[in-house]
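Undergrad: Here are the chains, one letter per residue:
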Amino acid sequence: MNFQSAVFFVLAAVLVLSALRVITARNSVHAALFLVLSFASAAGLWLLLHAEFLAITLILVYVGAVMVLFLFVIMMLDINVDRLREGFWNILPIALPVAVLLLGVMGATLMGPYFGLSVRPPPPEAAEGYSNTRAIGMVLYTEYLYPFELAAVILLVAIVAAIALTLRARKNTRSIDPSVQVAATREGRVRLVSMPSEKKGVSAPPPETAPAETPQQPK
Amino acid sequence: MEFFENLLGPAWPVVWTLVKILAIVLPITICVAFLTLAERKVIGYMQLRIGPNRVMAFGMGWTAGLAQPFADVFKLIFKEIIVPTGSNRFLFLIAPTLSIMPALAAWAVLPFGPETVLADIDASLLYVLALTSMGVYGVIVAGWASNSKYAFLGAMRSAAQIVSYEIAMGFALVGVLMVSGTLNLGGIVDAQKGSGFWSWNLLPLLPLFLVYFIAGVAETNRAPFDVAEGESEIVAGFHVEYSGTAFAVFFLAEYANMILISALASLMFLGGWLPPVQVDSLASIPVVGLLFGPGAHWLFLKIAFLLFCFLWLRATFPRYRYDQIMRLGWKVFIPLTLVWIMVVGVAMMDPVRTWPPFSWWF
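Chains as they are written, first to last, in our numbering: chain A, 1 to 219; chain B, 220 to 581.
Here chain A stands alone, though its shape is the one from the complex (with noise of 0.2 Å):
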């Protein structure tokens, strides 16, 4: 068992431990961040095959970005562990067949005429100066541009759909426009009045007359 072999059991251990971990761990937010570690680990098994670009895309997007968005919603909701489970065992002669058959599908495809061993050789050992980024880069955007843009566009579309359905404008609103603040100025904010200190032609106040008593002294 050389180096490379090594590495490859440690990380594929790891991946299947914690996508076990994602679906029995009781606490959500230890699930996200076990999905997470299962992300990294994944990315870790792409870099083995050389395929960095992948890799570093799946650390980028998914753990970077995704997983961050999901333990701030995770994290912010109150979850009742106990109130989820309620249901499972009337829920159960749903999701049981309904599990057998992802699991056939996914068998049937795994162990199918379409992956193995004997099927797929490893790749060829590549070429000195062989850039995979490049690689992926001049086929997305020559042999599949159509496609590629078209998913862009979908993605476009979810955006524009999620934000449309989900924006109210409110009346009694009071959030401020800052580009208000920001312009705003001195001037329009302070009005400067010249005001003399004192009234001319107006006499002094009286001055002060001494304290009527004089606490008295002891005799």
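To be clear, the hints were calculated from the coordinates, so they are not data collected in a lab. Predicted, not measured: the structure shown is a model, and the values here were computed from it. Any given hint might turn out to be false.
[Claimed, not checked] Here are the computed distance ranges between Cβ atoms for each label pair: (1) A:S179 / B:A242: 45 to 53 Å; (2) B:M568 / A:E149: 17 to 25 Å; (3) B:V498 / A:H50: 43 to 51 Å; (4) B:F524 / A:V182: 50 to 58 Å.
[Said to hold, decoys possible] Some residues of chain B that are not near chain A, with every Cβ distance over 12 Å (derived): (5) E224; (6) L245; (7) E258; (8) P495.
Just so you know, even glycine gets a beta-carbon here, dropped at the ideal spot from N, CA and C.
Starting from the known structure of chain A, fit chain B onto it as the hints suggest.
TA: Then chain B, alone, in the frame of chain A:
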């Protein structure tokens, strides 16, 4: 070196790589220590104070103030680490590690000169972007595991802020990528070679440089974007429950990230190790000429200047209000970068590229 190579045999590559890693990490740690001192001194002078000037090394008067970082470090090391009640112990203790790991690991691909780099990988720009995006986990996990409302508020603010500014940061890097045609940081510096500062990416990509640097300030949670810590609002934000070494590690990570952002900005926009003015007659003088030619000292000088800008910003601006931070990120920076990417794209097209202002750069 060959003696060691023979002595250690197959373990040699591992040992040699470890030595190189230490040669990068130790100077960074020392830089962080003195950056804290520089921060207090610079801000002190900007506010007409003197700053730390008491702690001296071995009673030598001229070092007065210089030993302050070491005093701070020893104080923190000997403090007790308190794990709050009801906190998640494992996550609480692993959070500082999560924040220091990406800050240091990103240095692996940073070149200090042509060929002077620990790992010369093709997609080093993407690698740096991926690692810096992981730094937010330390903040989020710390805030959640502390079981404290202040820490949690800080973590939520920080998560939203970092995710927002990362988009603008990524778009700024797209502009750099377009003009240099490579993802390798060394290649990006090489593409800026030519006639001194005129051929750096600074001038053609000036808006992107500003966006990148300001987004960098926001990503490191520094003032004026320090709502994640916001001393006057939420005590100390995500690390309010941390003490002793665990707090020191967060501190180290923040400053290491500052140095990293400055280093990246100087590599991508300020020509890295290239001198600002290329004078061949000066560069050919035997020993002194090395100072005028390209070299790591230019890179360090640029990093130092950008770090000074970090401190300068902190001493100058009041803290942004939270909605204004979001507005700046989403409504100002992202449209600005998108427009400038279009401008660069048009300027690189064939007939336009040959016209005077663009023919100097593209």
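Undergrad: Which numbered hints turn out to be false for this structure?
TA: 4
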